[in-house]
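**Student:** Chain W is fixed; fit chain C onto it per the hints.
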Amino acid sequence: MRRRGLMVTALAALSLTAGTVAAAAPASADSCVDGWFCLYYNSNGGGAFVRIGGNIPNLTNTKFNACGWNCNGIGQSVWNNAGSARNTNDFYAATVFYRFDYKGASDFIPTNYLSSLPNTYNEDASVLFGP
Amino acid sequence: MRRTAVASCAVAVCVAIGGAAGYATTTGGTGRAGTGRAELPVQAYLLSYQQRDDLNRAYERLVERCMRERGASIQALTHVRPPLKDLLERRYGLTDLEQAEQYGYGLPPSRDTAPPTAPKLTTAQRRVYDGASGGGQPRGCVDWAVRQLGDTSRARDTPFAMKLQRGTWDASAKDPRVVAAVARWSSCMSARGYHLSSPVDTPVKEAADKAAERAQATAEVRCNRSSGVVREWFAVEAAYQEEAIERDKGTLTAERSAALRVVDRARAVLDG
Numbered sequence: 001m002r003r004r005g006l007m008v009t010a011l012a013a014l015s016l017t018a019g020t021v022a023a024a025a026p027a028s029a030d031s032c033v034d035g036w037f038c039l040y041y042n043s044n045g046g047g048a049f050v051r052i053g054g055n056i057p058n059l060t061n062t063k064f065n066a067c068g069w070n071c072n073g074i075g076q077s078v079w080n081n082a083g084s085a086r087n088t089n090d091f092y093a094a095t096v097f098y099r100f101d102y103k104g105a106s107d108f109i110p111t112n113y114l115s116s117l118p119n120t121y122n123e124d125a126s127v128l129f130g131p
Numbered sequence: 001m002r003r004t005a006v007a008s009c010a011v012a013v014c015v016a017i018g019g020a021a022g023y024a025t026t027t028g029g030t031g032r033a034g035t036g037r038a039e040l041p042v043q044a045y046l047l048s049y050q051q052r053d054d055l056n057r058a059y060e061r062l063v064e065r066c067m068r069e070r071g072a073s074i075q076a077l078t079h080v081r082p083p084l085k086d087l088l089e090r091r092y093g094l095t096d097l098e099q100a101e102q103y104g105y106g107l108p109p110s111r112d113t114a115p116p117t118a119p120k121l122t123t124a125q126r127r128v129y130d131g132a133s134g135g136g137q138p139r140g141c142v143d144w145a146v147r148q149l150g151d152t153s154r155a156r157d158t159p160f161a162m163k164l165q166r167g168t169w170d171a172s173a174k175d176p177r178v179v180a181a182v183a184r185w186s187s188c189m190s191a192r193g194y195h196l197s198s199p200v201d202t203p204v205k206e207a208a209d210k211a212a213e214r215a216q217a218t219a220e221v222r223c224n225r226s227s228g229v230v231r232e233w234f235a236v237e238a239a240y241q242e243e244a245i246e247r248d249k250g251t252l253t254a255e256r257s258a259a260l261r262v263v264d265r266a267r268a269v270l271d272g
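Heads up: the protein sequence lines correspond to chains W and C, in order.
Residue numbers are given in the numbering used here: position 69 of the first sequence equals residue 69, and the series is strictly consecutive.
Residue numbers are given in the numbering used here: position 198 of the second sequence equals residue 198, and the series is strictly consecutive.
Don't take every hint at face value.
Stated by the list, open to error - The calculated DMTMM-like cross-link candidates involving lysine to aspartate or glutamate, where the alpha carbons are at most 25 Å apart (straight line), are:
1) LYS163(C) - GLU242(C)
2) LYS163(C) - GLU255(C)
3) LYS63(W) - GLU206(C)
4) LYS249(C) - ASP175(C)
5) LYS85(C) - ASP96(C)
6) LYS249(C) - ASP264(C)
7) LYS210(C) - GLU98(C)
8) LYS63(W) - ASP112(C)
9) LYS63(W) - ASP201(C)
Hint data in this document are derived by calculation from the structure and do not stem from the laboratory.
These figures come from a predicted structure and were not determined experimentally.
Just chain W, same shape as in the assembly (with noise of 0.2 Å):
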C-alpha cells in the first residue's frame, strides 16, 4: 500500500454499521486488506481500526475491531470516535457523506490516503465506493 501523505479533512464523527468483521487477532496498522476503506481510533493510523467492506448507507453501532500498531480504542463504538481514515483503492475514491443514507454535503478520500480526521468537525455518516 503507497503512502502518499497526510491530507487533514474537516471530517470528524463517523458512526459504523456492522461492515466486514476483522479478525479479532491483532494485526499491523498496514493490514488494512480485504477491506478497502479502514477507520483508526488514532490519527495517523494508530489504535485499533475497523475495516469496511462495501458502501454503508448508516454507519451507527460499528466497533473498532482489529488491533493496529496497539490496540487502543478496540471495542469501542466509532461513533465520534475516529482518528484517522484511510481508503486503500489504486483508483477509486471513498465519498463520504455527511448524514446517513448519502445525504448531504460529501467529501473525498482520496486513492491511497491516510486521511486524518480533526474532531472538532463533526458529521460523517454514511460512504460510498467511489467515483
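**Tutor:** Coordinates of chain C only, in the frame set by chain W:
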C-alpha cells in the same frame, strides 16, 4: 466543469428530472445549456462524476496496457460506475419518487456496487503492478498510470472547492429560510404520521421492515416537493456559494485548470 463533459442524460429526461426533483433553475450560467438540470455554482469548479468516471476508466486502461507491455498481462480490471449521478442527488433529501417507492432509502442494486476485490496477482505480477520497493527500482504500473495522467497532486479531488461546498451546506442548513422550509417539511411529514425534524435526518425506525422504509422514503419525497424544501435549500446554498466563489475565484480557477488537465489526459487515453 463541463469543458469536455459528456451529457449525463438526454435533454427531455434531464428536464423531467430537474422539474421532478424540484430544483429551481439557476439564474446564473452554471446550468448546462439545454439540459434544464440545475447545478450549484460550485459544480463549475468540481469535476463531475462523469469526468471522475472517465478518469477511473483511463486508469484501468493504462494499468492494463502497462502490465501487458511489461510482460505481466492481467485480466481486465473491474470498472465501477459512479453510484450517484452527482453530489446533488440526495444533498437535501430524497427527490426520486420511483426510487423511493422501489428501494426506500437504498440505492438501486445496479448502482449499489461494492468495491471489486483486488486483482489476484502472482508475486511477479505484483512486482510489476506495485513496483518493487527500494531506491532505483522501476515504478510499478499504478504509479506509472498516475504520472501519465499527471494526477500526482490529486488534482482531480479539487480540495479547495470541496471545502467550499462543505461550508456552504452547513451555512445554508442554519439559514432562517432553510430552517423555515425544513419546518414546513416536518409538518408535512407529521401529517403523514412521521416525527422527523429534517429531510436529511431520516433514520428508519425498523431497519428490517422494508415496506415501512419504502413508505417513509416515499412520504419524504412527496413532502420534499410540496414543502419546497429542496428548492429553497438549493437556492439558499447557491447564494452562499456565489459569495464564497467571488472571494476565492483565483484559487478555484487555478484548481479547476489543474483538474481539467488531468481530465484532458484521461480523455486522450480513452479516445486513443
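**Student:** Find the hints from earlier in the document that the structure breaks and name them by number, from lowest to highest.
**Tutor:** none
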